[in-house]
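Letter by letter, the chains look like this.
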Amino acid sequence: MTNNLIILPVMLQFTLAIVLLFFCKRIAAQKIISIAGSIVAVVIAVGLFRQVYEKSILTMQAGNWKAPFGITFVADTFSTTMILLASLSALAVAVFSTVSIKRARMKFGYFPSFHFLIMGLNGAFLTGDIFNLYVWFEVIIISSFVFITLGGKKVQIEGAVKYFTLNFLASMIFLTAIAVLYGLAGSLNMADLSGKIQTIKNQGVVQVIAILFLVGFGIKSAIFPLYFWLPDSYHTPQAAISSIFAGLLTKVGIYALLRVFSLVFIPDDFMKTLVVILGGLTLFSGGLGALVQTNMRKMFSYMIVCHIGYMIGGIGMFTAAALSGAVFYLIHDIIVKTNLFLAGGLIYKINGEVNMKRMGSMYEQYPALSLLVAVPLFSLIGVPPLSGFWPKINLMSESFVTGNYYLLGCIIFGSFITLFVITRFWSEVFWKKREALARKPYIRYFDQMSRSQKTFLITPIVFLSIISLYIGLGAENIFRLSNHIAAELVDTSTYIDAVLGAATTNVTP
Amino acid sequence: MKLLILRTTANFLLPLLLLFSLFLLLRGHYLPGGGFVGGIIAAIAFVLHAFAFGLRSTRKLLRVHPISFMPVGLGLAVFSALLPLLKGLPVMTGLWLDEPFPVVGLVGSALLFDVGVYLVVLGVALTIIFTISESV
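Those sequence lines, one after another, are chains A and B. Residue numbers 6 to 514, in the working numbering, belong to the letters of the first sequence in order. Residue numbers 5 to 140, in the working numbering, belong to the letters of the second sequence in order.
No wet-lab data here; the hints were simulated from the structure. Since this is a predicted model, take the numbers as computed values, not measurements. Just to be clear, a hint being listed does not mean it is correct.
Below are the SDA-like pairs computed for lysine to any residue, each with C-alpha atoms no more than 20 Å apart in a straight line [said to hold, decoys possible]:
(1) A:Lys-71 - A:Asn-9
(2) B:Lys-91 - A:Ala-379
(3) B:Lys-91 - A:Leu-10
(4) A:Lys-438 - A:Ala-379
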């Protein structure tokens, strides 16, 4: 059925960004609008999620053009879950940024770009058209360009150059793949393509296109040979910005991979093996990268790369249980990685330092805060019963069942490396005695802040930690959700019926 | 630049170019033209004026900072996309008036969107060019 509720998450963010542009120079108004708007976005996302999860897939034909020709927006359980997670993270980051971002940067359009970025993410999650997916990716990249250069420090520009180059390359490959696909199948609607792709005689070319998509999305989500740009650029922007990058930007690549590979290209044995190998290598190399870092934020960035491997491995096995594990990991990872980078920002505000060797004594000074930060850290490792544990169990048992012992080894290796790195981080930053550091005049330290500013920094971390705890302790509910999503990914007929069936029962003007 | 010929022609060209940009904007739906080209031509009109009379007088002519065209244009575009919601149609459905206007022709929500694009392009182009020529 046609339902305009679907487009609301996109339109709300767009409207917010425009309203914020009108308040360009009034920082206080911007903060209030951004937070209030983000709360409304969460409410809408919850409403949309409940409607889709409890009833059925919703579709909307933009401009009332019928399905295979016009652009379809589809809200199934997977996309609404992603929208819900994105709006929760966005709310946390919006609150955090009101204090952590410098006023000068807010004047140069921090908040409008932020909402444009979230609009792009929501659009990418909702679209059912592969070219439209590309357009949303461009919206995301352009807003992230603003973020990554905002402030214009030398190290930022260096990171930005790497980020630009690789992301442009990825977009180009993605666009080429779409062009070739359109030339072969004559359609861009993913549900329509799903039927047409099987009738193409030259399946070899289809394989090549699938690999092109894998490379394009692979660069964006930082999988094995293509991840070098990420640790080099994610540590340069402000903590609030890199947390939204870490939580959502690489994950939208994973989302697109899951979507395209379940709906359009069904992976054959060669593809599965390839993706499993890439997943394992991502785990391995990301873990090794994190091991040698002493810069806190660079270490976290390598952790992103490492943990992408779990999801890629899950996609590679391509059974319902493995996909369910990958989706569960995705749900856990979005919240935890956003929280981790926010916590990193908080630690930076306390110490004024990103080098782990020079930090310390945090547990002595702030015991309650340390325990709070422990939640995302230990969720990341997957200490039972926290949230990282459940999807890993699922992925491990599934790699046993499918006989992917190599991937099993990599998963265990990745988990151990994470354990080691985080324990080292904990002992360096929280337990070690710190020598007194010279105060830097340009940093606003945590203990110089007013009470309300401290609250604004800590509340989002508490908020995301509670969600993390819920994912861990209420794992049964999340498993039910991820199994539901995996079932929809394996059996795409409901999705296809919802999109193409809607074409015949459309509203007539 | 203090060239007499340039100044004299710029005085005449500013309204002509603006008129031409509106012409392109209005014919854009079925024929070559549209909001983007129209906006660029309008920006050229102001840039020419700035070359001839200096940036300050062009700013005075515009009265508002060109960057404020952007949110207005984007707002118009969103408004035109959300307009069909009132009739219970999907977002971005084209709505058309029944009777054509004189001179302009048949008006629909697509024109509103194009006007939005026109303003955004004008705002962006002028902001970029003004900023660069100020820093030179």
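Hints, verified against the model:
1. As the CA atoms of A:Lys-71 and A:Asn-9 are separated by approximately 15 Å, the hinted pair is consistent with the 20 Å bound.
2. Annotation: proposed proximity of B:Lys-91 to A:Ala-379 is violated, straight-line Cα distance about 52 Å (limit 20 Å).
3. With a C-alpha separation of about 14 Å, the suggested pair B:Lys-91 and A:Leu-10 falls inside the 20 Å cut-off, and the hint holds.
4. Annotation: proposed proximity of A:Lys-438 to A:Ala-379 holds, straight-line Cα distance about 18 Å (limit 20 Å).
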